[in-house]
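Asker: Sequence:
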Amino acid sequence: MAISTPETASGSETASAGLLPGAPASDRGRGAALRTQVRMTLMHARYQVLRTTRVPIALLGTAFFPGASMLFFVVPATGSDPVGATYATAAMVVFSTMISNLFGHGVGVAEERQHPWDFYTRTLPSGPGPKFVGRLLSGLLTMLLSLLPLLAIAVLATDATTTPLGFLTAVGVVILVSIPFTLMGLTIGYLLPIRAALAVVQLTFFPLAFAGGLFSGAGQAPGFIETIAPFTPTRGAAEMMWAAVGDYSMNPVAAIAFAGWTVLLAVLAVYAYRRDEGQRFH
Numbered sequence: 001m002a003i004s005t006p007e008t009a010s011g012s013e014t015a016s017a018g019l020l021p022g023a024p025a026s027d028r029g030r031g032a033a034l035r036t037q038v039r040m041t042l043m044h045a046r047y048q049v050l051r052t053t054r055v056p057i058a059l060l061g062t063a064f065f066p067g068a069s070m071l072f073f074v075v076p077a078t079g080s081d082p083v084g085a086t087y088a089t090a091a092m093v094v095f096s097t098m099i100s101n102l103f104g105h106g107v108g109v110a111e112e113r114q115h116p117w118d119f120y121t122r123t124l125p126s127g128p129g130p131k132f133v134g135r136l137l138s139g140l141l142t143m144l145l146s147l148l149p150l151l152a153i154a155v156l157a158t159d160a161t162t163t164p165l166g167f168l169t170a171v172g173v174v175i176l177v178s179i180p181f182t183l184m185g186l187t188i189g190y191l192l193p194i195r196a197a198l199a200v201v202q203l204t205f206f207p208l209a210f211a212g213g214l215f216s217g218a219g220q221a222p223g224f225i226e227t228i229a230p231f232t233p234t235r236g237a238a239e240m241m242w243a244a245v246g247d248y249s250m251n252p253v254a255a256i257a258f259a260g261w262t263v264l265l266a267v268l269a270v271y272a273y274r275r276d277e278g279q280r281f282h
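What the sequence shown shows, in our numbering, is residues 1 to 282, in sequence order.
In case anyone wonders, no lab produced these hints; they're calculated from the structure. For glycine and all other residues, C-beta sits at the position ideal for the given N, C-alpha and C. Treat each hint with caution, since some may be false.
[To be verified] Cβ pair distances, simulated, as ranges:
#	residue 1	residue 2	range
1	Ile175	Pro82	24 to 32 Å
2	Met43	Ile228	38 to 46 Å
3	Leu141	Thr227	30 to 38 Å
4	Thr53	Leu264	28 to 36 Å
5	Val171	Phe64	17 to 25 Å
6	Pro116	Phe167	43 to 51 Å
7	Gln37	Gly219	43 to 51 Å
8	Pro128	Arg35	13 to 21 Å
9	Pro207	Gln37	35 to 43 Å
10	Gly219	Leu168	23 to 31 Å
11	Arg275	Phe72	40 to 48 Å
Using the sequences and the accompanying hints, generate a full structural model.
Answerer: Structure follows, in structure tokens:
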């Protein structure tokens with residue numbers, strides 16, 4: 001029969017922490033704390049994903065508008081043009097990315113804030129970090145899943161094409177261009193109650209898509225749209241996608257504007273979070 005002693009207990013703790021027996025206790029404590037934070041983050045991410053999959057209409061809703069736009073506009077107009085179909089698909093990917101993050105974080109955060117469970121989890125000793133990062137991870141997964149119907153339409157119903165390297169680059173660019181829309185969603189979610197957040201999101205995504213020229217080919221939007229488009233975050237995101245999947249040179253103005261929007265929205269998201277925390281927890 002094995003007898004547990006303080007020495008063997010300490011040794012098993014050290015082994016589980018992945019450190020040598022001679023490592024300082026502070027290092028063992030930091031290692032255990034880090035593992036706990038990672039486990040809790042993944043647990044919160046899993047919880048968010050399960051909530052979404054149990055109500056699949058939320059996931060289908062984010063894919064509906066881009067998918068419908070592909071079927072009713074892109075396929076009939078440019079489906080047989082490899083270049084046009086590729087750029088149009090990339091623009092619809094940006095459209096879907098924006099919708100997923102605005103609804104997922106904007107409406108989702110606002111909805112969570114009205115539940116007592118959210119108040120409780122933000123007072124736990126682990127702090128709000130694991131839940132916040134878990135939400136970002138689940139939002140990223142939900143966003144990528146919402147793109148699958150769009151890509152299926154592009155493959156089956158159009159002549160859109162790109163290289164394997166272009167596809168892998170586009171995946172990375174999708175994650176990059178999701179950042180400002182994630183921050184925009186978080187700003188809305190932490191500033192507004194659920195009904196107001198839903199209204200703002202619904203009034204935001206179509207004007208942003210239209211002003212960014214997502215419903216027109218590259219360089220084919222009406223004159224006034226071509227004038228204002230480079231100053232919108234949606235146009236910068238679309239041009240990065242076009243550059244990833246095809247031979248497209250990005251407008252420097254659009255790149256600078258995209259970076260500026262990202263910084264501005266990051267500041268607003270931090271302000272909104274701290275304002276919400278100050279109102280509810282102090």
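Asker: Of the numbered hints stated earlier in the document, which are not met by this structure?
Answerer: The structure conflicts with no hint, since it agrees with every one listed earlier.
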